[in-house]
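Colleague: Could you build the full structure based on these sequences and the hints that come with them?
Going down the list, the sequences are from chains A and B.
Residues 432 to 1174 (this note's numbering) make up the first sequence, in order.
Residues 432 to 1174 (this note's numbering) make up the second sequence, in order.
Hints are not guaranteed to be accurate.
Just so you know, same-sequence chains aren't split out, so a pair can sit in one copy or run between any two.
[To be verified] As a list, the in silico DSS-like pairs of lysine-lysine whose alpha-carbon atoms are at most 30 Å apart: (1) Lys636 / Lys932; (2) Lys965 / Lys676; (3) Lys650 / Lys504; (4) Lys676 / Lys801; (5) Lys636 / Lys933; (6) Lys1171 / Lys1059; (7) Lys968 / Lys932; (8) Lys737 / Lys965; (9) Lys1059 / Lys708; (10) Lys1140 / Lys644; (11) Lys968 / Lys933.
Honestly, the hints are just simulated from the structure, not real lab data.
Note that the structure is predicted; figures quoted are calculated from it, not measured.
There are 2 protein chains.
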Amino acid sequence: MTNKQSTIVYTLTDEAPALATYSLLPIIRTFTDAAGIDVTLSDISLAGRVLAAFPDRLTDEQRVADGLAELGKLTQDPHANIIKLPNISASVPQLRACIKELQSQGYQVPDLPDDPKTDEEKAIRDTYSKILGSAVNPVLRQGNSDRRAPAAVKAFARKYPHSMGEWCKASRSHADYMNGGDFFSSEQSITSDKAQTVRIEFIGKDGKPQLKKELPLQKDEVLDSMFMDAAALERFFERTLRECKDTGVMWSLHVKATMMKVSHPIVFGHAVKVFYKEVFDKYGKLFEELGVNPNNGMNSVLEKIKTLPQSTQEEIEEAIHDCYEHRPEMAMVDSVKGITNLHVPSDVIVDASMPAMIRNSGKMWGRDGKLKDTKAVMPESTYARIYQEVINFCKTNGAFDPRTMGSVSNVGLMAMKAEEYGSHDKTFEMTEDGTMRVVSEAGDVLMQHEVHKGDIWRACQTKDAAIRDWVKLAVNRARNSGTPAVFWLDEERAHDNELRKKVETYLQEHDLNGLSIHIMGYNEAIRFSMERMKRGKDTISVTGNVLRDYLTDLFPIMELGTSAKMLSIVPMLAGGGMYETGAGGSAPKHVQQLMEENHLRWDSLGEFLALAVSLEELGIKEGNDRAKLLAKCLDKATEQLLDNGKSPSRRAGELDNRGSHFYLAMYWAKELAAQTDDAELADHFAPLAKTLADNEETIVNELNAVQGKSAGVQGYYHADPAQLEKVMRPSATLNQTLAKLNG
Amino acid sequence: MTNKQSTIVYTLTDEAPALATYSLLPIIRTFTDAAGIDVTLSDISLAGRVLAAFPDRLTDEQRVADGLAELGKLTQDPHANIIKLPNISASVPQLRACIKELQSQGYQVPDLPDDPKTDEEKAIRDTYSKILGSAVNPVLRQGNSDRRAPAAVKAFARKYPHSMGEWCKASRSHADYMNGGDFFSSEQSITSDKAQTVRIEFIGKDGKPQLKKELPLQKDEVLDSMFMDAAALERFFERTLRECKDTGVMWSLHVKATMMKVSHPIVFGHAVKVFYKEVFDKYGKLFEELGVNPNNGMNSVLEKIKTLPQSTQEEIEEAIHDCYEHRPEMAMVDSVKGITNLHVPSDVIVDASMPAMIRNSGKMWGRDGKLKDTKAVMPESTYARIYQEVINFCKTNGAFDPRTMGSVSNVGLMAMKAEEYGSHDKTFEMTEDGTMRVVSEAGDVLMQHEVHKGDIWRACQTKDAAIRDWVKLAVNRARNSGTPAVFWLDEERAHDNELRKKVETYLQEHDLNGLSIHIMGYNEAIRFSMERMKRGKDTISVTGNVLRDYLTDLFPIMELGTSAKMLSIVPMLAGGGMYETGAGGSAPKHVQQLMEENHLRWDSLGEFLALAVSLEELGIKEGNDRAKLLAKCLDKATEQLLDNGKSPSRRAGELDNRGSHFYLAMYWAKELAAQTDDAELADHFAPLAKTLADNEETIVNELNAVQGKSAGVQGYYHADPAQLEKVMRPSATLNQTLAKLNG
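Modeller: Given below as structure tokens:
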């Protein structure tokens, strides 16, 4: 309808969100086309990233562009406008499965070496390590984070509240964490007064400094160092197990092995070794020979021993069962399948598992399939304390009520790999006793820790520009929302005290008149926010990177029943914007259902919300009024969709993701046809609105008719696009209607 | 030594403190005499007050002066200097026992009528009602309250910490309170803009206002009204019992039937009727005929049914036991004797029972004599919430450590019968449904509540002068101690919002430069104080009257192991001062031990501390340097006494209260002889110091020799003074030494 002037990049990711894209993107393009906006697709799926990493091993036809690298460049462009869907933060088993699938499709990508020995193997391992875990977000999140519940979603949750388990004052559930020996208690922090390259060094028995890493620092950059005492960690696990045994409270472990991909698997491994101490004492040597890594969980033990003679396997399995006899009951991931908390490191992810536990009256599932009070073990105390505050609050005041509770939004310090989430390449598991230290360019020792073999030492960086932008974003959000903003900075943390100085300075760059801006320690901040929330009042949490992650699950899950419905905006430092569409959640289950029953229950609400903000901001930045109008009408369409119950059902044969997309298109077209700001645009969409409305029954029937039998999709990580398009667009009537308008 | 110029009034009270007075007062006089101070004795004992109330029924010889009335007048004298020892807040059973004892001694005081019918009986009942409960403090406390841990006592507690039970995060103990229907949720509050007499009226079915009470208000006086919904209260009790039964957590009730002598016995009575519902359903009529009043506890039921035939008694006892079958376990006052929480209303007093529970790891004693997690039921939520905060804090952070914890002192709004503690004559149990209202002199309805039969309605007054003085006292304490002061004023309370306005105004009358003064809600205030306390920092709590009472038990019991060692000063509005000597605590047990074993384990530390402040303030006010010197040397003597372990032992045959007095005298004399500020005074006390030191062994032997057999004291409430003097001063050597100096 108009010449293309601007571009929105839409990401092709994995699992359910990727499937949904095949249905939704053609609809989106039908609308954006009218505003001169090109929506391009960028493949950042796990399979895509694996393929892009090994071009030399592929045929010309097989080679793909490196979508992630291209997007990484784009983040530096002030015109960048990226809609980012949830993607897989691949664990080792997931990566292996993906590789296997690609190989079966004829792609000669290499295996992930277990124990790399040759230079080639090591190079392969290094390449894959950049694909493992949370590999996409650090590249794309070139800005701080602005997350909040969209008004429509909050209103919907108030009207149709999700279930919330009641809380009892006699509940025994609690959060437990180390009272010393953890990262929190050893944290040191400095601010570099100039640009310089510092050295991370280890001094062992021989007294000679070994260079672990050279680290370029910007002027005014904050650098922290800290370590987790492995012996203290194991004592802590032992204490928590003993207490659970004594009190009869179930034991559960909550870490973040995906995001904290270097340090947390090690922490998890210690838990495995302590819980199954007798097994590792007895079979440690054998396990070593087998290549068992406790950091990969008991599942890896069970897998590895399959190569042993049956009798040895049985012996080991008996030893494992003996542990259950004298250990407390452990929380289960799946009690039917016998999958415990210690089975796989990525099964229990603290920022999702703790809110789930809190929604479940503080209970988790026991071996007998019953919900039980639990000790939630989170070794690192830094952020774990906030969960104990929430538990105390719920015990005292009862569960939060989604019908009346206020909202806690977040402005998170995320830019430039801030804080712990950028620490992976500066994290070291000590191989001998000695001293870890950070030495300035001039040779001064800036920070220093005495460490022992097995301790986990790490450094974290936070760039001044990121902090300054974060403060600005917080002030803007406080101003635009008329809501009090609380900087979560704890006086007991060295890092936070460095940040606090900067925050106090940078706040002075803004007009704070009429704003309510606070600085509080974590305990005080969460209590303050909960007291307000309980009374229906909103609060902005202005936090560091990890708390951003935790709180934008915790509060949304209590408020909305899910964090997937949050608006998640990354106003990038370079001026562009990224619009994220919520968490993946139970996406794997959705794919399975599509494959078996051709029903996709994935809810694209996050995509609708992100697209609306993407369009709105594009409209403002590029002076594109039609984009703004599209955004406004899309928000109205989303509201109608929610109000009319046109979200996907869980059951095959009923409206699914595809049907929900149809309704969005229908409502969106209707709104555009009805608006009076732009007559030409109204005229353009009037026929579409009419055709879709007239054919509602036909289209829905076409969409639902295919359900109930296998979708015939081949491949989980890398299915054939043509096949997926066919599966995801089964309504000929809808396809033709859209094609007509585009024509 | 000098002419008497000034007077300290020392009170003769009841039980152990009264016994101790017979030993301590002669020693005190030996010292004060040297500073020209007369220490007079004023009898405000329960027996003394009973005798003073019925002069017409006594012979001329039997008649006594009304000590309390005289002291009441003295509080208006700017020269007043009163040392007030703990006295009995008599429950009905205690008053009955006292009357019986007096009658047995030939005093024709009347019985307390159960159910007064004639005018004479009603008059007797009215007279006794003024003696019942907390009758002394409201007369004497003509000022606000300044309570703190003396430096010597705090230092001693840090050095020799008392035991503190550990806390476990899995503890099920908690505080429970009403979430509606209580005084808190119905509170209304106004400030009278002029002096006027308002009317408290009830309007029943006939629509005609009945005058319940005329209430003169001063200009700017705050008046509150509120009610407890009896039906909601019974539902609440039923819920707490059901929850305990469901969760297996022990049930306990914590009220303050002594101090809240009108409303809390009624609340207690509802608990009795709900717990033993089936018993009261079945035997209610019979009980009524017998004159059973559930407000007096199950003990009164058991007493009253003794008049019934054996078979009926057994039937009722069986019905009581049936209740135990389907009710949860109840906390015991004495598991050996089978005395439950519901036996006697005054057995469990919230401000002592809750700190005891907190020191006991959140546990109370069960029927089997074991410590168990418990639901601490405190129906009125206003102040109960703070205990839940403490419990949450202890669960999360572990028990407080007396060796390192900071101190929370208190400035309490107590003057002029402030708040709830002055509400007894404005408290009404509704006898029918209707409206309670407060009407201004001009006829305007100021406050109004819809009430039902059984509801407890009350009004509370707080005088402007008292508030203004309280603010001044808080600022002075903050200034003199260099400690942050927190006004505990809750935004959710109507009363506190009225007070807050005044506090903000009156704070402006003072130089606040360099002071740290906060205003916080209760939850925030206690959390703030505990966070500081945990880190060894001190805080002043500036609170209303009830919180004053609660907190000056709670914090001292955690910090010092007892509240009896606190400095408790009442700087009176008229300019005088009253110096209280700590709580009575387990005084009855002490008397029993004296009677049986002639060993008095009462610790007079509170008297020593109060006397020192009394002397110091007298010295300042009257320009009496010797008084100041006496005070200084007394504090040093007290420190030595603590450091040398010369406090009373619990066991007969070892140092007791009397021996401790001897050591105080010895150390005090030594300090006075050693000081160089006043040579004449040093010379005066040198011989005493020498004689006491020389005869230490003899005197201690004489004091201990009498122990181990019955003291032969006749009478608990009104023993013969001559006999008591003989018992309490058994050392001829000590008596002669003191007499010589006085001579």
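Colleague: Taking the hints in turn, state whether each one holds.
Modeller: Hints versus structure:
no., hint, verdict
1, Lys636 / Lys932, "neither (38 Å within a copy, 67 Å between copies)"
2, Lys965 / Lys676, "between (35 Å within a copy, 29 Å between copies)"
3, Lys650 / Lys504, "within (24 Å within a copy, 74 Å between copies)"
4, Lys676 / Lys801, "both (18 Å within a copy, 20 Å between copies)"
5, Lys636 / Lys933, "neither (39 Å within a copy, 68 Å between copies)"
6, Lys1171 / Lys1059, "within (24 Å within a copy, 103 Å between copies)"
7, Lys968 / Lys932, "both (29 Å within a copy, 24 Å between copies)"
8, Lys737 / Lys965, "neither (52 Å within a copy, 53 Å between copies)"
9, Lys1059 / Lys708, "neither (61 Å within a copy, 68 Å between copies)"
10, Lys1140 / Lys644, "neither (55 Å within a copy, 81 Å between copies)"
11, Lys968 / Lys933, "both (28 Å within a copy, 28 Å between copies)"
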